[in-house]
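Enquirer: Go by the hints and put chain G onto chain S.
Protein chains in written order, with numbering that gives the first Met the number 0: chain S, 0 to 650; chain G, 0 to 458.
Careful: at least some of the hints might be erroneous.
Unchecked claim - Label pairs and their calculated CB-CB ranges:
1) Glu-581(S) / Glu-183(G): 32 to 38 Å
2) Ser-386(S) / Tyr-46(G): 55 to 61 Å
3) Arg-220(S) / Pro-75(G): 52 to 58 Å
4) Asn-312(S) / Ala-416(G): 32 to 38 Å
5) Lys-206(G) / Leu-107(S): 40 to 46 Å
6) Asp-187(G) / Ser-237(S): 26 to 32 Å
7) Asp-205(G) / Glu-512(S): 40 to 46 Å
8) Asp-205(G) / His-598(S): 47 to 53 Å
9) Asp-187(G) / His-598(S): 47 to 53 Å
10) Gly-352(G) / His-598(S): 46 to 52 Å
11) Thr-189(G) / Leu-107(S): 19 to 25 Å
12) Ala-166(G) / Thr-524(S): 32 to 38 Å
13) Pro-630(S) / Asp-299(G): 37 to 43 Å
As the list claims (entries may be wrong) - Computed list of lysine-lysine pairs in DSS-like fashion (alpha-carbon distance at most 25 Å, straight line):
14) Lys-97(G) / Lys-375(G)
15) Lys-192(G) / Lys-313(S)
16) Lys-97(G) / Lys-539(S)
17) Lys-377(S) / Lys-417(S)
18) Lys-613(S) / Lys-589(S)
19) Lys-474(S) / Lys-55(S)
Hints listed in this document are in silico derivations from the structure and should not be mistaken for laboratory results.
Values in this document were obtained by computation on a predicted structure and should not be read as measured data.
Where is the CB? At the ideal position from N, CA and C, for every residue including glycine.
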Amino acid sequence: MRLLTKSSPASVLVNKKVDEREAIMSYITDSFDVIVVGAGHAGVEAALAAARLGGKTLLATLSLDNVALMPCNPSIGGPAKGHLVRELDALGGQMGISADLACIQMRLLNTGKGYAVHALRGQEDKPYYHTLMKKIVEEQDNLELKQLMIDKLLVENGQVVGVEAETGEVFEAKCVILATGTYLRGRIVYGQVNYECGPNGLRSAQKLSASLLEHGVELMRFKTGTPARIDARSLDYSKMEPQYGDSEVRNFSFMSELKTREQVPCYLTYTNEETHKIIRANLHLSGMFNGMIEGVGPRYCPSIESKIVRFANKDRHQLFIEPEGRSTNEMYVQGMSSSLPAHVQLQFMQTIPGLEHCKMMRAGYAIDYDCLNPLQLKYSLEHKAISGLFSAGQSNGTSGYEEAAAQGLMAGINAMMKIQGREPLVLRRDEAYMGVLIDDLVTKGTNEPYRMMTSRAEYRLLLRQDNADLRLTEKGRQIGLVDDARYERFTNKRSAIERALSEIGKMNLAPSEENNAKLVAMGSTPLRTGTNMLDLLRRKEITYAKLQEAFALPELNDEVAEQTEIFAKYEGYIAKQRQEVERFMKLENKRLPEDMDYHAIKELSSEAAEKLDKVRPTNIGQASRISGVSPADISVLMIALELKRRREQDQ
Amino acid sequence: MAEETISAVITALGEGAVGIVRISGEHALAVGESMFKAASGKALGAYPVNTMVYGHVFDVDGSLVDEVLAVFMRGPRSYTAEDVVEIQCHGGLQSLHKILALTYAAGARPAEAGEFTKRAFLNGRIDLTQAEAVMDIIRSRSEASLKLAARQQQGQLARELRGLRSALVDVVVNLEAVIDYPEEDIEDVTYAKVQQSVDSCCTAIDKLLDHAHTGKILREGLRTAIVGKPNVGKSSLLNALLKEDRAIVSQYAGTTRDVIEEQLLLDGVPLVLADTAGIRSTDDFVEKIGVEKSRQLLQDAELVICVVDGSQGLTEEDEGILAAASGKPCVIIVNKSDLGLAVDLAALQERFGRNKVMTLSAKTLTGVEDFSAWLKNYVYGSEGTLSDGAYVQNAGLEGVVGEAGEALAEAGEAATALLPYDCIEIDVRNAIDLLGEITGDTVQDEIINEIFSRFCIGK
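Pulled out of the complex, with its shape left as it was, chain G reads as follows:
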């Protein structure tokens, strides 16, 4: 059965130091080899099957993505009984996301919920007793994803996508009306008009891809600065949040500034902590970096965590930091609550009404859970964290929006080249279908209905 090649992250994100991307289907090896280069220089397919091969994944532009292990399993001796390539990389979102995107670029499509298992069953790998369970999984996953879709539908992203989609449907409806009713009294569509609509949708999609709030956090992490004068307990707070640093996933030098950034997953929320090395080693944030640098960091931050020592009153230094942070989305942590409070919480909250003030003890861990919950809520909205598969789905979602953008770019080119309507439409319709996958709208009769409702047509 020659099925499409599919891919997905099969490890739970944030659950381990290693993440695995699985590619399954007829072209699994080709997809894997398109990005994986063994250290030996040999092709992955040149190794005996089921061999772990050490190497690297490279981006299309040749830049290094991650150091990985890859294994090729030839069907039917694999989980899905199809050709399978699995790539083990560092568990960070950055690498997983990038590798997944590369598999899409090489022709794989995002696996649906339960699809690997479904294929395993259909290909005869799973016995009858397990089959019913698989159907249950599909049913319940689809319900869960429906819930997710419903939530997305109320969200900003879905609203915008739906708006774009309906602008594209407009283009097609106009083209179709003119094609199906060439002699009716309908204003002809000009290439310039098509081009304009397609281009503006393209631009909007690019912008969405860059700015969609949750999408961006999932992709890049929430840029967070932890600030506070020395000895307020920033590092112990960090350690308390991290639960023995097992969630620290990667460390790299920022490309735009010469400070160390750390990427981590805090109870499901990906964060990029600015200058955490400094914070952790010496606690002398202000002294070491100086006011200018700290201002710079604060300015770039999407969330500022201000830590003060609750067992002592607020000093001038504290006030300075609070004032600097107050223009940003900010949470104020009054630490060392176990030592008794010398800070007037009510007054503090009144002064920084827009920002949340929370008490916490990094030592006894009192209040840590509340903070985590607040953070999740801050990032994902009142529904709290997304369910297990949500990250993957979102990576997939972004892939779909990206694909729609590519289709539109091609439609734009076709319009520029003054290619006939029917060519332009192929790509526009493709984009409409892709966006509809996200918003849950199907095109079937929509266009014909629109033609009839909008144009006065007939004998």
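Just chain S, with the same shape it has in the complex:
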């Protein structure tokens, strides 16, 4: 199909393309730099980033009432996921700011386990989060939000040219970002009932998959699920243990200035033998066990029926009852994901303390859907074979709002980098969790919905949530997403830290009786010789606040004091990780040409040649992380690379 050039007026009939089954007139409606298909967490970030970088952007969604919908748990953050939110925020993304505003309970998790794994987790008011995000999208310059069902991807000569909606409207674009979530051929399963549907009763996109396949895009089938929602008025709170938010007010965004927050509690309760008995008796009705569900589900959110089968010796499973927002009575039953029939779900929930008389407002369900095999993507999240096609979020086989948002931001940025003829933004494994996420996806692929975990990051002492701004704000500034206000706040913080470290590093404490008495008073041991303040701060029992008070050290704001303390206490370990990073970088800096013919290198094992040919790594380091590529293959590759270089030089 030929599309008209940009100068053509919109809505001109261009083609009477006659489909075998249905005759729809296709006509060009408008042209954009970037079209984002799907307005979930990936789509919203992608569209905002593209528009903020000056691209004329279209955000297409199946329903305007579900922009940035949270169809599963009512929370954002947690280990590794909270890290992603802060990184996204440092680069100029939106999720952190909105999550701070819609937060109804904030906790800092893992406080006893080291700074690197401290993790912010916010319970979110879902309807408010959606409303907020929709407003932000609607008010964004360069951005159009439209309710559309996209049926076709339009590609010419290996280059994306636009999309076609079910109405026949054609939207031209230089880049298209797929952020289709669980909507591609989505199918809902409740017990033995199943039907084509997206989450929350929304339509699913039934035709786009076929169009993608036609263009050679490789699809996989994944599965996920969500638990029931129950009525807050029907619960007995006296039988459950309340869990409150932290008294100290914290925020995801480095820009948020919220100092107070009204918080609501969550409630902890447990399943029991009676619950398990009912589930076991009805296993044959579960979509997960009766073969109805074909997708591969994630191991980290098993349905309650899988938990009971796999961990048969556990006599109880923990559940959190979490409010979905201030303006609704719906409560989310965390830990209770199920694809059993609705009446069975209600029956077993009513065996649980506090839930004896619960009223189920929505039943839990499983959903399976099509997604892209991420091995087809480059580091920029652009498809290797289709120029201008990007993909982000659950459509890349991940799971979670935060993983989606992080990829959306990167896809939005990189689509604009391509259009502007600039280098793509690629974060390395030593720079960000976002780098780990994308490297894992495009290098190793995934065979279940991929969830970010801190254990996936090998340099996590460097990738702390407290220093996400120090790591990434400068990059966000270069890209153009960090505005003056954010940049100024960042540079002020950075220089305050440098100043503090240099000042305190010059201060020594004499072993006088007075000083030693103060040290003993703060639970530490007396000095025998004069000691540097930074060395003193290294002691486990000593905090900057204590030193500051006792010895009149410079007054620092909390963030700066925290960085100073971390620097002092972790210095040795951080140095160790930096050495590891240095080793890592040596391989990472050896670039592999895109046109490398791996099958021509006969000394490579055939498995390695095949994998290398498929992944087409950009450097030796990435090649070494591909499963099936051995250290000997890497040595061979390095020599082949050098050979190639010399042959080319000789010519």
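Expert: Relative to the frame of chain S, chain G by itself:
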């Protein structure tokens, strides 16, 4: 290209009286200077490049390791085109091994198979026609080392290392599960538990380093006593085995007893012969040292070679020696087979069924090869001797296990100091990676898989 500094023994072990340790990379000079002290007192780097400098290598505690020649070659004018230091020492395993260990301690890492050549190529030293050959070498060496690894995997050492590694993976899996799922119903890990696991792995590693059979033989030689009454041909047997004594590599006084010991490499098997001076000079072992002393030597020996004169019947003296040796791993050599046998071999074998009885003629050399083969088999198992690079690889292997031990010691300290989980994990993970290098297990997805299979986690 700033590569890591690597080191290895580049001479074939046992092939010459001189052994060479090569150090290559950015820090080669610093590594070399950390152990080498020129007799002149000047630093190695103070000499013009490519100059052979006479001096000594000292251990970290200041004790003398060996008398050596060292040379510094500045890149690109060296084999690898990087800075290179080569240290020529006596060819004995003891010195080579010690010097290699010192290079590791100073920051070098063991060179991989073919790595010097690989670097030479990558740095532009070797021409194109040789490149394909280099790739072949890497491929075939890696196959050979895979074979070695496969053999090690069936061995006691690998089994134990794998056990240790999986205990450490356990520690990490528990820590990670608690970190990634802070609100799940998972029992928290206590510092005491971490400490206990780490400490017991540390102890086990120390023990392994001391006792791994082949490792110890490679490191210290097999403590062997050759015994027999005078004139049974002990010294001629020894000379026959040694093939003109060119394999005798060093001589030193034992530190724990006042007898002379000799270290030698017998067809690839390193031996420490007790009191061989006595054996060689006078053949009057029993008279000279006396029964008590000989008992002492027998007791310390890991292998006893009993020599009897096959041309005569067994005397009382022979019986006494055989009886004393029979409690030890022992091989009975019936010598002088060329003069006809007066000893009933079948009866002898029946009496000492546990121990091998072999006939041999030190004079005509009949049976010497059989004995060598038996010895190799005794030390290395049914696969016979290890391939050429195996010694170096094993020295490297020991270095890796040692490094893992050090990482664990640091993890233990971190746990004692109640440092946060993420600090402790850095060292534990490092140890897991190091042990995995030996056992061929990689950590990539193992921990995450374990978390999911062991804990019930999720929404």
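Enquirer: For this structure, which hints from the list above don't hold up?
Expert: 10, 16
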